[in-house]
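A.B. asks: Protein chains in written order, with the numbering used here: chain A, 202 to 340; chain B, 86 to 542.
To be clear, the hints were calculated from the coordinates, so they are not data collected in a lab.
Quick caveat, the model's predicted, so the values are computed rather than measured.
Each hint should be verified, as a subset may be incorrect.
[Stated by the list, open to error] Covered stretches of chain A (chain B as the covering partner; in silico rule of three or more C-beta atoms under 8 Å from a C-beta of chain B):
{"id": "1", "stretch": "280-291"}
{"id": "2", "stretch": "294-305"}
{"id": "3", "stretch": "320-328"}
[To be verified] Part of the chain A face toward chain B, derived, beta carbon under 10 Å:
{"id": "4", "residue": "244"}
{"id": "5", "residue": "259"}
{"id": "6", "residue": "267"}
{"id": "7", "residue": "273"}
{"id": "8", "residue": "275"}
{"id": "9", "residue": "313"}
{"id": "10", "residue": "315"}
{"id": "11", "residue": "317"}
{"id": "12", "residue": "332"}
Positions of the beta carbon are idealized from the N, C-alpha and C atoms, including for glycine.
Next come the chains, spelled out residue by residue.
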Amino acid sequence: MGFGTTYNAADPYGGSPEQRLASAVAQISYQTKGFQNQYNKQRTALGKQYKAAIPKFKSKYAQRGIFDSGIRKEGRRDLETQRTDQLGSYDEALQQALYDLRLQTLGAYGQYSGGEFDTALTDAQARSQLAAQIRGATQ
Amino acid sequence: MGFGDIWDSPVANLAKRVGQGLASGGASEIFRQAPQEPIEQFINQGIGAPLGWGLGLNDLSAADAFGYWVPPVGEAPQGFSPRGFFEKVADQAQGFMGQASDAWDSSNVDGITDSELAAMGITDPKEQFAWRVDFVTDYHGMERIPRKDMPDEGDGPDGPDGPGTPRGPSLDDLLAQQQQIIRDMVARGMMGVDEAEAAYTQAVSGIYADFQNEQNITRTGFDADVEARGTQRAQDRQDSMDALIAAGVDPRGSSGDQLASDQAYNAGTDAQSEYMDALMRISEMGEGSRQLAGEREFGASRRSLNETQAQGFAGLESQAAMARALSGVSGTSPADLFAGMLSGMDTVGMQRQKDSAAAGAAQDQQLKDLAVNLSSGPNAIFASPGEAYAVLTGRLKQNSGSQQSFNLNDYIDEYYASNPGLFSEGLESISNLINVDGLPPDLAMFGYMDQFDVQGQ
């Protein structure tokens with residue numbers, strides 16, 4: 202990702218480095234919301250599955266006459282563990298996605314600032330060298 | 086001029102005649118009476134004006150010349166005809182007067198009439214005279230006559246020693262001025278470099294501050310993400326334990342698995358945090374590199390300026406040294422030579438022109454002195470110095486037609502008859518040329534007259 206220091210009048214969405222940075226940041230923001238929406242959908246879907254699984258879980262152990270047993274309790278703990286693990290995987294995936302987008306944000310600002318640094322140095326070099334050129338006026 | 090021309094020249098003819106007179110042994114054979122003409126007539130034909138200017142220009146009888154001057158407008162020739170003597174003497178005068186009369190003629194100041202000056206608002210004769218003097222002076226690039234309101238700078242230690250040259254700054258002054266110019270330009274260049282560095286520093290600082298701000302925002306956002314995920318996970322854990330308790334299940338049995346899951350998750354976020362911190366530290370290292378880049382660039386420009394100043398000073402001092410060395414050869418002052426080197430002007434040539442003009446002026450002064458001699462005393466040939474000067478400078482020939490003949494020999498005889506002392510001196514000199522130097526009589530006379538032309542006037 203590079204924003205450069207040039208201007209491109211032919212691109213209405215990326216004519217200037219600032220425009221290109223803003224476009225990149227907007228895209229990152231859009232992706233962030235997309236990942237969050239996906240995360241919420243996943244959690245919602247898991248919640249539905251969990252709600253649907255609890256009655257089935259109860260009836261299965263009740264039908265077998267082992268509702269009040271250590272086996273059911275172990276199965277129940279497994280069920281909760283699976284749910285929290287699944288939720289945890291959603292959190293981890295979202296965190297990783299958000300982190301990647303944070304890095305992209307840093308990269309975008311880094312590229313933009315690098316272009317600005319380059320422009321500042323180039324301008325300073327030109328000014329400095331011009332200021333140092335007095336030979337033509339003295340000889 | 087070839088030898089034949091010389092031999093037929095008036096001076097040579099004069100020498101021949103004197104030689105013949107010497108051979109015959111009597112001055113009476115040489116001296117004859119010459120007719121006199123009213124010389125004022127030619128002045129009234131309009132040629133008195135340039136004559137007057139010429140005299141005034143050379144500070145000789147300017148008032149007298151103005152007294153003779155009559156405006157040329159509407160004046161018709163009065164029938165005056167120049168005499169052969171005037172024409173021939175004028176030819177000779179024109180020959181060795183050379184530059185003085187040429188300077189006047191080439192300026193074309195003769196063509197500027199009094200009525201034209203009056204149209205310019207200059208009506209006073211003295212002002213007109215001053216205007217014409219300035220005109221000729223400007224035309225030839227000569228040094229103006231110092232005026233009271235113009236301070237005399239005087240000669241410096243390196244001031245010119247040439248003829249007639251009021252002096253400006255000395256070589257040391259010029260060198261110091263040029264060095265100061267370079268010093269000022271270098272100082273301005275340094276200021277430009279300083280300004281460029283300040284602008285760069287300000288720009289980089291602003292950019293880096295913005296970048297740091299965005300980094301911090303991102304870092305804070307990351308922390309918020311981790312915290313939010315942690316809060317969500319804790320809530321999920323609590324919901325799960327609540328659900329187990331509600332189901333009559335001891336939740337402690339699953340705490341080990343959940344703890345291991347949390348540790349793995351937190352390890353991941355810790356790594357993310359460390360990597361992000363590393364990126365931020367790297368960006369801070371980049372800030373130091375940018376400062377170094379700026380110092381390298383601006384330091385190079387400053388060194389370039391210092392080098393330029395040193396080279397400029399060395400070049401100027403070298404030129405000054407050459408100017409001092411060449412001054413003795415060229416006869417031009419070191420300051421003028423140095424100024425010529427800087428400006429590309431041929432100051433040596435200019436000096437030669439000025440020297441030639443000064444020499445012409447000196448010759449002109451000799452002519453004026455001769456004009457005074459020829460128009461003073463009981464044996465004066467001319468009625469006034471102005472008339473004599475006009476004849477000697479050849480203006481009579483230029484401004485009048487020949488209607489009467491005149492015998493050159495008669496005038497020469499008359500002149501020597503009226504100056505017996507000069508004649509005796511001439512005889513002695515000619516005798517020495519013949520007897521001591523072994524010259525034939527004709528050449529001895531020619532040599533004597535040539536000496537007279539150059540030195541005796």
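A.B. asks: Could you tell me which of the numbered hints above are not met by this structure, giving the numbers in increasing order?
C.D. replies: Hint check: 6 fails alone, others pass.
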